[in-house]
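Quick note on this note's numbering: the sequence shown kicks off at 86 and runs consecutively.
One or more hints might be untrue.
As the list claims (entries may be wrong) - For each label pair, taking beta carbons as the anchor points, the in silico distance ranges come out as:
| # | residue 1 | residue 2 | range |
| --- | --- | --- | --- |
| 1 | Ala-238 | Arg-104 | 38 to 48 angstroms |
| 2 | Arg-148 | Asp-254 | 41 to 51 angstroms |
| 3 | Ala-147 | Leu-275 | 35 to 45 angstroms |
| 4 | Glu-156 | Gln-278 | 18 to 28 angstroms |
| 5 | Arg-104 | Arg-167 | 34 to 44 angstroms |
| 6 | Glu-197 | Ala-238 | 20 to 30 angstroms |
| 7 | Arg-279 | Asp-130 | 19 to 29 angstroms |
| 8 | Gly-159 | Val-282 | 25 to 35 angstroms |
| 9 | Arg-279 | Arg-234 | 41 to 51 angstroms |
| 10 | Arg-194 | Glu-156 | 15 to 25 angstroms |
| 11 | Val-132 | Arg-279 | 39 to 49 angstroms |
| 12 | Leu-227 | Gly-127 | 37 to 47 angstroms |
| 13 | Glu-209 | Arg-167 | 36 to 46 angstroms |
| 14 | Ala-193 | Arg-148 | 13 to 23 angstroms |
Derived by calculation from the structure, the hints in this document are not laboratory data.
Everything numeric in this text was worked out from a predicted model, so none of it was measured.
Backbone N, C-alpha and C define an ideal beta-carbon position, used for all residues, glycine too.
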Amino acid sequence: MTLLIIAACSGTGKSTMARRLLELHTTLRLSVSHTTRAPRPGELDGVAYHFIDRASFEGRIARRDFVEWAEYAGHLYGTSTREVDDAHRDGCDLLFDVDVVGAAALKARYSESVSVFILPPSMEVLGDRLRKRGTDDREVVLRRMGVARAELAVAHTFDHLIINDVLEDAVREIECVYLSGRSRTSERRLWLQRFGVID
């Protein structure tokens, strides 16, 4: 089973790239995170996120039901261990669309996972993308730019860096990373079987 972790600054096209990769590979499943934030228009429970209240989320933290969790903008987000267990049982690879904190926690827990950080072509382009989305006021865009600088400071800790300048090129690059990770996982399994370590 291949675990692919994707993180990026807001506005880099991470979710679009993840969606394209999922369309290309039926062996890959999106890990659906839990959150305490309210659903946005069009978001369905269990598809975009598993929407739960804060008390339920905190209960799950206490029971250690999350592989990783973090608070962002006053809302809790987390990846349940069940997502990983279900994908493993079903023979699927798993794609995590997370922030840098979640990525670090996942990598620490699953060292064999493959981590990718999506970079903007430049800070100027990132700022333009955030403004053109039209969903945030000037203050929020500036705050997102500050967060982006902090996230970029840890980009070097990821296994792969991909610049999303031309979307289709970036999707091809992340597809190559995914396929390489699948190949590595398959080779490791064959060697372990050959030496009788696993069935």
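Hint-by-hint comparison with the structure:
Restraint check, Ala-238 to Arg-104: a C-beta distance of roughly 27 angstroms breaks the suggested window 38 to 48 angstroms. Arg-148 and Asp-254 have their C-beta atoms about 43 angstroms apart, which keeps the hinted 41 to 51 angstroms range intact. Evaluation of the 35 to 45 angstroms hint for Ala-147 and Leu-275 yields a pass: the beta carbon distance comes to about 41 angstroms. A hinted range of 18 to 28 angstroms for the beta carbons of Glu-156 and Gln-278 is inconsistent with their spacing of about 42 angstroms.
Our hint of 34 to 44 angstroms for Arg-104 and Arg-167 is violated, since their Cβ atoms are close to 23 angstroms apart. Taking the beta carbon of each, Glu-197 and Ala-238 are about 25 angstroms apart, inside 20 to 30 angstroms as hinted. Under the hint 19 to 29 angstroms, the C-beta atoms of Arg-279 and Asp-130, about 44 angstroms apart, miss the expected range. Judged by the Cβ atoms, the range 25 to 35 angstroms given for Gly-159 and Val-282 is violated: they are separated by roughly 46 angstroms.
Our hint of 41 to 51 angstroms for Arg-279 and Arg-234 holds, since their Cβ atoms are close to 47 angstroms apart. Range check, Arg-194 to Glu-156: Cβ separation about 19 angstroms, and the 15 to 25 angstroms hint holds. Distance hint for Val-132 and Arg-279: a CB-CB separation of about 41 angstroms, consistent with the stated range 39 to 49 angstroms. Taking the beta carbon of each, Leu-227 and Gly-127 are about 27 angstroms apart, not inside 37 to 47 angstroms as hinted.
Separation of Glu-209 from Arg-167 is about 42 angstroms and conforms to the stated range, judged on CB atoms against 36 to 46 angstroms. For the pair Ala-193 and Arg-148, the supplied restraint of 13 to 23 angstroms holds, since their beta-carbon distance comes to about 20 angstroms.
Hint check: violations occur at hints 1, 4, 5, 7, 8, 12; the rest are consistent with the structure.
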